[in-house]
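Protein chains: 2
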Amino acid sequence: MPIEVLDNALTDQRLNQLTQALGSGMFVHVRNMLHDMAASDIAFILESSPPRTRQVLWQLIDQDQTGEILDELGEELKDNLIKQMSPERVAKAAARMDTDDLAYILRSLPDSVFKQVLNSMSSQDRVRVEQALSYPDDTAGSIMNTDTVTLRPDVNIDVILRYLRIRGKLPEATDTLYVVDKHDRLLGGVELADLLTCDPNSSIRAIMDAKLEGIPVGMSDNEVAQLFERHDWISAPVIGDDNQLLGRITIDDVVDVIRENAEHSMMGMAGMDDDADTFGPVLKSTLQRSLWLTINLFAALLAASVSNMFEGTIEQFATIAILMTIVPSMGGVAGNQTLALVIRGLALGQIGKSNSRWLIGKELAIGFLNGILWSVLVFIAIWLWKDDIALGALIGGAMLINMTVAGLAGACIPLLLKKMKIDPALAGGMVLTTVTDIIGLFAFLGLATIFLLN
Amino acid sequence: MPIEVLDNALTDQRLNQLTQALGSGMFVHVRNMLHDMAASDIAFILESSPPRTRQVLWQLIDQDQTGEILDELGEELKDNLIKQMSPERVAKAAARMDTDDLAYILRSLPDSVFKQVLNSMSSQDRVRVEQALSYPDDTAGSIMNTDTVTLRPDVNIDVILRYLRIRGKLPEATDTLYVVDKHDRLLGGVELADLLTCDPNSSIRAIMDAKLEGIPVGMSDNEVAQLFERHDWISAPVIGDDNQLLGRITIDDVVDVIRENAEHSMMGMAGMDDDADTFGPVLKSTLQRSLWLTINLFAALLAASVSNMFEGTIEQFATIAILMTIVPSMGGVAGNQTLALVIRGLALGQIGKSNSRWLIGKELAIGFLNGILWSVLVFIAIWLWKDDIALGALIGGAMLINMTVAGLAGACIPLLLKKMKIDPALAGGMVLTTVTDIIGLFAFLGLATIFLLN
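Top to bottom, those sequences are chains A and B. If you want my numbering, it's the 1-based position in the first sequence plus 2. If you want my numbering, it's the 1-based position in the second sequence plus 2.
Each hint should be verified, as a subset may be incorrect.
The list treats identical chains as interchangeable, and a pair is accepted whether it falls inside one copy or across any two copies.
Claimed, not checked - Straight line, CA to CA, 25 Å or less: simulated SDA-like cross-link-like pairs of lysine to any residue: (1) 213 - 148; (2) 286 - 118; (3) 94 - 23; (4) 94 - 28; (5) 286 - 299; (6) 286 - 154; (7) 171 - 290; (8) 171 - 200; (9) 286 - 367; (10) 388 - 116; (11) 286 - 86; (12) 94 - 67; (13) 423 - 139; (14) 94 - 370; (15) 420 - 278; (16) 421 - 154; (17) 423 - 133; (18) 355 - 378; (19) 388 - 295; (20) 117 - 133; (21) 355 - 18; (22) 117 - 81; (23) 423 - 82; (24) 286 - 451; (25) 171 - 202; (26) 355 - 34; (27) 388 - 278.
Derived by calculation from the structure, the hints in this document are not laboratory data. Just so you know, these numbers come straight off a predicted model, no measurement behind them.
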């Protein structure tokens, strides 16, 4: 583990140096610079570069490093680069990759290339790949590695110590060796630290942690991440139906899952794909953003058609039209606050049957209290501005209605979407804003029509 | 490391059982259930419970477990519970906590209680605490533990192996032992795995990784997290100015930093504090959300005052008023997409001097392309709906202007805020929406005034 301090400023500086060297055509210099860098740093620099720089850098990278670098890249960029590679180069890169990343990459290849890649692999690699491909995406199996070191229970520690010395280097992030019976069923685990501190004459069985239970291979990766986070694990064994050991999951892959899930919520709420490439090409990015904008156009037209129903009121009172955006806007913000809280709670697995009713009640209460507070404030503001006490009261009343609905909707919408198996992080914001816009306009324009037109 | 499979369904089931047992007053039963659970699971259940249930559960928890449970709780809930504890109980809990968590808790205590807690501690604990308190929040020092195991370079491995056996249990998440000189300056590291696989007759110096560099104690925790993520570390040494070893950072604390940063972006963009407690009390939650709503009210009034400037146009053409929300709405969504992308890029450290200009150009181009696309679509929609080609052209023109500005603003606002040392995740969304609302209204109402009133 070569540790190297590399802070943002430093990365930025290197990026500058690389960009300058590229700009002045000093390709040999760039190639040497890249040669001296760790794969993870090169991946970071590729992620942070505009498309043209990426292309040039990618040409200058050592073929040997390709696999390790691909391992570290975000999905969108990874897919793009692989599409440009020859099957032979993919196969060569594959040999140096972890099983889980390999499976991911192969899944994204077109069938013909997939077969070519598989054919250019060694038979050992092919077995690894076929195994990895058999687990669905987003499960424990898909982030699992098969490089476990296993022990038998009735062996003395000094025998194991001798065996390890002959065996040599252990797989990365190995903190625990797994104890299995002759059918490969998981019996327990022995931490490396315990091997070092225990009496060498005791048996593995005596020092192993027999309470070690495995992660079922079909568990969702999100639940795996929650278990790792809650129990501060560094690695954990993965088991099949029969309790047989299939592999292990290590914290570095779990960190990726945690990061992806958190980004998914944040990007999703803004209507973006969490794989979106910050420095991706313009046209592709434009198209990626269309879906959300299309839905929003319909939502905005729907809101306009609500206003349209009150054309008469608007025609008579221009002030109503001028003020009518305030109520939906406040409802949208209040509803979004609740939505963010509930989406985070769902992502963390905090919200279930036992507490969702309480949560909805709480958010409804907050919405109502907020409604009272802001209806008073907006009443005062509008009264002072327009010198019209009735208008102030109207907007205040609409505010109370909309803020209360916003609290209720912000809590219920993600829970309902989840029940309907629709991702709340993706659809929640748009549904919520549509609701608060329409209720807000109905409440304000409706009240105005009732009280001002008579 | 007792591993135990506990998926969401199971947690929910336990929560149900606990809630039912509490409801029927079976407190002894609840106490026994809690006694058998891991601290991290109890913490999770406390986080997922409404206030009243929390209070009762907290009373029933073993005093011995208090420290470990506090360690695992979110900040808001942790603060609340500590405020209710006697200084003696805090001191007792403190003895079982990691240095970094201890420092966090003590920082949040009132001065008088702080002194009482310090006095009821053993002198050894007091030294640990004073040391931990000397590092500012959000730095490597604040997430560092001081429980390192150190070696001297000129010792043979078999001597170390004997020493470790006498020493007994290693601190949690120890994967590397650090090699220091007599002034405690970091010389390198030896992985446990290497101790197990190397020739016992070689010296530590021969097998140590001399390239191991320490993390400066003042580095921001965000940068530390980026280093861990990029290099797949499990632990890393922390050093002072003189390269002397001060402690180590472990991946579990880094995972918390990653989670907090990601949540900060997501919650911040929705106008929420990332410490916000999902099941916190109503009144407190209501007040927490006020700041954002206050700012939004001003922004909404500002937008209304823009409409107010075009009162004449609105008076004459009610349809203008009905349609005037569409342009700001589309601009807001498009701008928010860019904003989310840039805020994530900033959080990941991807955006620097070398590429920010390219990024702004790219988002401006996307905004312009989106503008063309949506101005055509909205032109067709309005033409069909209102059978008015001039109106469709007006709204299309305004859309083009606002979407282009939205792309530019979505990229520039977070970069500018960062330069002004204002958190882009917190302020970005509100500033952006204000800009897209105002520009959108100005563009549409302005164009309408020019072309329709003549």
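Tested hints:
For the homomeric pair residue 213 and residue 148, the shortest alpha-carbon distance inside one copy (22 Å) is at most 25 Å, but the shortest distance between copies (29 Å) is not. In this assembly of identical chains, residue 286 and residue 118 lie within 25 Å of each other by CA distance neither inside one copy nor across copies; the values are 28 Å within and 61 Å between. Neither within a single protomer nor between protomers do residue 94 and residue 23 lie at most 25 Å apart by alpha-carbon distance, with minima of 29 Å and 59 Å respectively. In this assembly of identical chains, residue 94 and residue 28 lie within 25 Å of each other by CA distance neither inside one copy nor across copies; the values are 28 Å within and 63 Å between.
In the homo-oligomer, the alpha carbons of residue 286 and residue 299 lie at most 25 Å apart inside one protomer (20 Å), although the nearest pairing across protomers, at 36 Å, exceeds that limit. Proximity of residue 286 to residue 154 under the C-alpha cut-off of 25 Å is found in neither arrangement, the shortest distances being 54 Å within a copy and 56 Å between copies. In this assembly of identical chains, the alpha carbons of residue 171 and residue 290 never lie at most 25 Å apart, being 45 Å within a copy and 53 Å across copies at closest. In this homomeric assembly, residue 171 and residue 200 come within 25 Å of each other (Cα to Cα) both inside a single copy, at 21 Å, and across copies, at 9 Å.
For the homomeric pair residue 286 and residue 367, the shortest alpha-carbon distance between copies (12 Å) is at most 25 Å, but the shortest distance inside one copy (44 Å) is not. In this assembly of identical chains, the alpha carbons of residue 388 and residue 116 never lie at most 25 Å apart, being 69 Å within a copy and 53 Å across copies at closest. Within a single copy, residue 286 and residue 86 get their C-alpha atoms as close as 16 Å, which meets the 25 Å cut-off; across copies the closest is 55 Å, which misses it. When the C-alpha separation of residue 94 and residue 67 is checked against a cutoff of 25 Å, the pair qualifies only within one copy, where the shortest distance is 10 Å, while the shortest distance between copies is 52 Å.
In this assembly of identical chains, residue 423 and residue 139 lie within 25 Å of each other by CA distance solely inside one copy; the values are 17 Å within and 40 Å between copies. In this homomeric assembly, residue 94 and residue 370 never come within 25 Å of each other (Cα to Cα): the closest approach is 62 Å inside a single copy and 42 Å across copies. Proximity of residue 420 and residue 278 under a CA criterion of 25 Å is satisfied in both settings, with 23 Å inside one chain copy and 22 Å between copies. Taking the closest pair of Cα atoms, residue 421 and residue 154 never come within 25 Å of each other, the shortest separation being 45 Å inside a single copy and 59 Å across copies.
When the C-alpha separation of residue 423 and residue 133 is checked against a cutoff of 25 Å, the pair qualifies neither within a copy, at 29 Å, nor between copies, at 50 Å. For a Cα distance limit of 25 Å, the shortest separation of residue 355 from residue 378 qualifies neither inside one copy, at 36 Å, nor across copies, at 47 Å. Taking the shortest Cα distances, residue 388 and residue 295 sit within 25 Å of each other only across copies (21 Å), while inside one copy they are farther apart (35 Å). With identical chains, the CA atoms of residue 117 and residue 133 are at most 25 Å apart within one copy only, with a shortest distance of 16 Å there and 60 Å across copies.
Taking the closest pair of Cα atoms, residue 355 and residue 18 come within 25 Å of each other only across two copies (8 Å); inside a single copy the shortest separation is 53 Å, beyond that limit. For the identical chains of this complex, residue 117 and residue 81 are intra-copy neighbours only, at 17 Å inside a copy versus 58 Å across copies, given an alpha-carbon limit of 25 Å. In this homomeric assembly, residue 423 and residue 82 never come within 25 Å of each other (Cα to Cα): the closest approach is 30 Å inside a single copy and 35 Å across copies. For a Cα distance limit of 25 Å, the shortest separation of residue 286 from residue 451 qualifies neither inside one copy, at 46 Å, nor across copies, at 37 Å.
In the homo-oligomer, the alpha carbons of residue 171 and residue 202 lie at most 25 Å apart both inside one protomer (20 Å) and across protomers (14 Å), since each shortest distance falls under that limit. Proximity of residue 355 to residue 34 under the C-alpha cut-off of 25 Å is restricted to the inter-copy arrangement: shortest distance 23 Å between copies versus 58 Å within a copy. Taking the shortest Cα distances, residue 388 and residue 278 never come within 25 Å of each other, neither inside one copy (46 Å) nor across copies (37 Å).
The structure shown violates the earlier hints numbered 2, 3, 4, 6, 7, 10, 14, 16, 17, 18, 23, 24, 27.
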